[in-house]
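As they're listed, the protein sequences go chains W and R.
FYI, the numbering used here numbers position 235 of the first sequence as 235, with every residue one higher than the one before it.
To convert, count from 1 in the second sequence and add 247; that's the numbering used here.
Be careful, since some hints might not be right.
Some chain W residues judged to face chain R by a derived CB distance under 8 Å, without partners named [what the hints assert, rightly or not]:
{"no.": "1", "residue": "14"}
{"no.": "2", "residue": "20"}
{"no.": "3", "residue": "40"}
{"no.": "4", "residue": "159"}
{"no.": "5", "residue": "160"}
{"no.": "6", "residue": "164"}
{"no.": "7", "residue": "181"}
{"no.": "8", "residue": "191"}
{"no.": "9", "residue": "206"}
Quick caveat, the hints were computed from the structure, so don't treat them as lab data.
For each residue, glycine too, the CB sits at the ideal point set by N, CA and C.
Number of protein chains: 2
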Amino acid sequence: MGLMYHEDYKVPFYECDVNQNIKLSALLSLALQVSGKQSLSLGMSDEHVFNTYGLVWIVTDYDIEIQRLPHYSEKIRIETEAISYTKLFCYRHFYIKAESGEILLTIHSTFILMDFKTRKVHPVLDEIVAPYQSEKQKKAIKLPKLHPVEDGVLSEFPVRIYDLDMNRHVNNGKYLEWFFDSLGMDFLLDYEPKHIQLKYIKEVHYDYTIQSTVYVENNDDGKSTYHDISGDEGLHARAKIVWKERE
Amino acid sequence: MGLMYHEDYKVPFYECDVNQNIKLSALLSLALQVSGKQSLSLGMSDEHVFNTYGLVWIVTDYDIEIQRLPHYSEKIRIETEAISYTKLFCYRHFYIKAESGEILLTIHSTFILMDFKTRKVHPVLDEIVAPYQSEKQKKAIKLPKLHPVEDGVLSEFPVRIYDLDMNRHVNNGKYLEWFFDSLGMDFLLDYEPKHIQLKYIKEVHYDYTIQSTVYVENNDDGKSTYHDISGDEGLHARAKIVWKERE
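Throw the hints in and build the complete structure from the sequences for me.
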């Protein structure tokens with residue numbers, strides 16, 4: 001367990017969807033911003049890591065448990081903690097809490113350090129992670145395998161300029177919008193996500209059209225959907241989402 | 248001149264574009280949020296106006312003068328002031344200021360009150376605008392006429408679920424993304440906007456594809472672009488943007 005850091009937030013109108021909940025893409029961006037602030041407060045900002053070591057942090061996996069999505073105007077607390085690290089991976093949790101202290105979402109994330117020039121994974125440096133006081137562990141956490149989508153329904157999304165962030169690739173949060181959008185409005189009005197497993201494989205750039213393939217499975221008490229984001233350069237991301245009926 | 252209200256803000260990573268400036272769409276959303284907070288602080292929140300009178304505020308026009316767009320991590324102040332009103336229109340200014348006090352953007356906006364049930368414009372009620380202490384004036388401000396785009400280049404944008412806001416129509420900020428996106432990446436890397444005139448004509452809903460038509464005019468010291476957003480239901484918005492070369 002490492003040092004905790006938190007920030008309070010009030011969900012603004014412009015980050016809410018048609019269900020009056022915060023967009024999950026916006027919540028992920030917000031969570032990353034809070035971990036960035038923790039890094040800054042510990043003297044290990046992204047800029048420092050880049051300038052000193054030529055390395056950048058990359059999220060490779062999310063596992064998100066959702067009790068309830070925050071709603072418009074709700075006051076929430078975003079807590080984060082760098083849990084542990086291995087030779088190659090760093091594990092960080094985020095807890096999104098209601099004002100009452102109840103946990104609304106738990107986000108388990110996996111980060112790697114990438115060498116900006118070679119674009120290759122770089123071993124974790126003890127001096128970079130030391131300030132967070134997280135534990136070093138030998139074994140990487142075994143994430144459940146996500147299987148390729150078969151017999152899926154295809155939607156195409158051209159990448160737009162405003163899908164890109166300052167790094168000129170598609171922002172991580174956008175993938176969730178592609179997953180959700182390919183299910184259609186009726187589905188999203190009837191069901192809400194309760195568990196998301198998401199694996200990022202390869203970044204997406206401008207002037208590119210992605211294919212979002214989705215397969216919907218009916219469960220006893222809801223649905224599971226399986227998603228592949230692909231393009232001319234192969235597979236970019238894969239996800240499984242478990243849904244429950246809205247009340 | 249009416250009561251001033253302001254809020255300070257630090258531009259987050261996830262609201263920045265490939266040029267490391269805040270996305271204008273995000274800045275407009277933020278500005279509207281600040282005016283919403285002023286209304287709340289004066290006991291005249293959007294909810295109160297809706298619940299008491301069945302009316303909702305609608306932006307019909309923006310005139311935006313841009314000295315410089317705020318950049319990533321910059322601390323800015325958003326000031327707003329309800330300037331004046333007529334029988335049908337309310338005029339509000341926003342000033343986006345740097346930490347030094349320098350004005351970066353001036354946003355002149357025009358609002359109307361719409362009857363939510365009949366979808367028709369409702370005359371401004373003195374009791375709704377009284378708390379802002381703005382002046383009543385007889386004559387409406389004459390906004391420059393925007394002419395239809397001729398010989399324009401067409402791009403099509405299907406409306407996505409996450410283009411919609413809680414009101415289930417396309418968020419006002421999205422139109423700017425459509426205007427900008429239809430100019431392409433090279434244009435946006437070479438030029439920055441210095442003046443925008445934007446007129447909203449009719450809202451856009453889900454399951455709709457909009458046609459964005461743009462005509463580019465070369466000026467001595469930059470370019471002007473003329474934009475129409477149309478669809479099966481006719482014209483939805485129109486804009487003129489004046490651009491200068493990036494330094």
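Verification of the hints:
{"no.": "1", "hint": "14", "in the structure": "4 Å, holds"}
{"no.": "2", "hint": "20", "in the structure": "5 Å, holds"}
{"no.": "3", "hint": "40", "in the structure": "10 Å, violated"}
{"no.": "4", "hint": "159", "in the structure": "10 Å, violated"}
{"no.": "5", "hint": "160", "in the structure": "5 Å, holds"}
{"no.": "6", "hint": "164", "in the structure": "5 Å, holds"}
{"no.": "7", "hint": "181", "in the structure": "5 Å, holds"}
{"no.": "8", "hint": "191", "in the structure": "13 Å, violated"}
{"no.": "9", "hint": "206", "in the structure": "6 Å, holds"}
Hint compliance for this structure: hints 3, 4, 8 are not met, and every other hint is.
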